[in-house]
Amino acid sequence: PPAIERLSGGLFQEVVITNTIPVMEKNYFPQLTVLSVANLLGETIWRVHDDCS
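According to the numbering used here, the residues represented by the sequence shown are 1 to 53, in order.
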């Protein structure tokens, strides 16, 4: 896809995204870093459950 070609074309040293939207493995490129939001969501659920801010 054109967007992947543009992002992987060398203009960026690194492209960082979260795993909140699935990215098919065929669309990965060397500069792509995918960060997990699992810990953030877990912490949020815990804080809401315990009435913490």
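Hints were generated in silico from the structure; no laboratory data involved.
Please note that a few of the clues may not be correct.
[Unchecked claim] DEER-style ranges, computed between Cβ atoms: (1) Thr-44 - Val-15: 32 to 38 Å; (2) Val-48 - Val-15: 27 to 33 Å; (3) Leu-41 - Arg-6: 29 to 35 Å; (4) Asn-39 - Pro-1: 27 to 33 Å; (5) Asp-50 - Pro-1: 41 to 47 Å; (6) Trp-46 - Phe-12: 33 to 39 Å; (7) Gly-42 - Ile-17: 16 to 22 Å.
Note that beta-carbon positions come from the ideal geometry of N, C-alpha and C, so glycine has one too.
How the hints compare with the structure:
no.: 1; hint: Thr-44 - Val-15: 32 to 38 Å; result: 25 Å, violated
no.: 2; hint: Val-48 - Val-15: 27 to 33 Å; result: 31 Å, holds
no.: 3; hint: Leu-41 - Arg-6: 29 to 35 Å; result: 30 Å, holds
no.: 4; hint: Asn-39 - Pro-1: 27 to 33 Å; result: 30 Å, holds
no.: 5; hint: Asp-50 - Pro-1: 41 to 47 Å; result: 43 Å, holds
no.: 6; hint: Trp-46 - Phe-12: 33 to 39 Å; result: 35 Å, holds
no.: 7; hint: Gly-42 - Ile-17: 16 to 22 Å; result: 20 Å, holds
Checked against the numbered hints above, the structure violates only hint 1.
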